[in-house]
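Participant: Sequence:
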Amino acid sequence: MVTAPDTLLIFADYQCPACKRFERLLSDYARSSSSELTIGYLQFPLPSHPQAVRAANVAECANRLGRFSLAHHLLFEVQDTLSRFNVAEIAKRVQSVDSAAFVRCAEQSDTSAAVVESIKLARRLGVRATPTLIVNGWLTGVPSDARELAEWLQRTRRGNPPY
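Take the sequence shown: its letters are residues 159 to 321, numbered as in our numbering.
What the hints contain is simulated information worked out from the structure, not anything from laboratory work. All values reported here derive from a predicted model rather than from experimental measurement. Positions of the beta carbon are idealized from the N, C-alpha and C atoms, including for glycine. Among these hints, one or two may not hold up.
[Said to hold, decoys possible] Subject to a maximum C-alpha distance of 20 Å in a straight line, what follows is the list of computed EDC-like cross-link-like pairs (lysine to aspartate or glutamate):
| hint | residue 1 | residue 2 |
| --- | --- | --- |
| 1 | 278 | 268 |
| 2 | 278 | 256 |
| 3 | 250 | 265 |
| 4 | 178 | 235 |
| 5 | 178 | 306 |
[As the list claims (entries may be wrong)] So the derived label-pair ranges between C-beta atoms look like this:
| hint | residue 1 | residue 2 | range |
| --- | --- | --- | --- |
| 6 | 295 | 241 | 22 to 30 Å |
| 7 | 305 | 205 | 31 to 39 Å |
| 8 | 312 | 270 | 32 to 40 Å |
| 9 | 315 | 182 | 33 to 41 Å |
| 10 | 316 | 271 | 31 to 39 Å |
| 11 | 282 | 241 | 17 to 25 Å |
| 12 | 208 | 298 | 39 to 47 Å |
| 13 | 270 | 236 | 16 to 24 Å |
| 14 | 267 | 309 | 38 to 46 Å |
| 15 | 196 | 176 | 19 to 27 Å |
| 16 | 296 | 241 | 31 to 39 Å |
| 17 | 295 | 185 | 22 to 30 Å |
| 18 | 315 | 265 | 39 to 47 Å |
Turn these sequences into a full structure, and let the hints steer you where they fit.
Facilitator: Quick look at the structure:
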């Protein structure tokens with residue numbers, strides 16, 4: 159019998175310290191688990207974080223260029239200095255083939271529109287904070303550690319709530 163992989167959708171904000179901590183927890187889970195996990199990220203920049211929308215646009219643009227993972231990790235890596243980050247510098251570090259095109263993409267209205275749509279979805283679902291997860295279809299907060307995430311995935315795989 160073939161089972162579908164687990165799915166984890168994450169509403170995140172690149173200036174959110176808890177989101178950065180969750181990324182470490184997710185890395186711990188990946189190292190300790192052999193389960194297949196499909197992860198999706200949805201932008202939910204919070205109004206209290208002045209650079210979060212700009213960072214979300216950069217991530218969205220990187221995604222369009224097939225470089226999301228690099229940009230995603232880099233944006234969390236430079237979280238403490240996001241107030242002065244330079245989109246062109248990020249473009250170089252995510253190995254964009256054309257830094258000028260990357261900068262234009264990050265500033266385009268359709269890139270911003272994609273982020274706005276993600277925010278609208280979050281609001282429709284009742285998301286109020288980051289990170290917020292959807293674990294195999296269940297909207298929830300954040301587990302305390304990788305073991306608890308594994309338990310949540312196991313429970314929701316059987317159709318039960320995560321906790």
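Participant: Now look at each hint and say whether the structure bears it out.
Facilitator: Going down the list of hints, with the structure as the test:
no. : hint                  : result
1   : 278 x 268             : holds, 15 Å
2   : 278 x 256             : violated, 31 Å
3   : 250 x 265             : holds, 16 Å
4   : 178 x 235             : holds, 8 Å
5   : 178 x 306             : holds, 18 Å
6   : 295 x 241: 22 to 30 Å : violated, 36 Å
7   : 305 x 205: 31 to 39 Å : holds, 34 Å
8   : 312 x 270: 32 to 40 Å : holds, 38 Å
9   : 315 x 182: 33 to 41 Å : violated, 24 Å
10  : 316 x 271: 31 to 39 Å : holds, 38 Å
11  : 282 x 241: 17 to 25 Å : violated, 30 Å
12  : 208 x 298: 39 to 47 Å : violated, 28 Å
13  : 270 x 236: 16 to 24 Å : holds, 21 Å
14  : 267 x 309: 38 to 46 Å : holds, 43 Å
15  : 196 x 176: 19 to 27 Å : holds, 22 Å
16  : 296 x 241: 31 to 39 Å : holds, 35 Å
17  : 295 x 185: 22 to 30 Å : holds, 23 Å
18  : 315 x 265: 39 to 47 Å : holds, 41 Å
Comparing the model with each numbered hint stated earlier shows that hints 2, 6, 9, 11, 12 do not hold.
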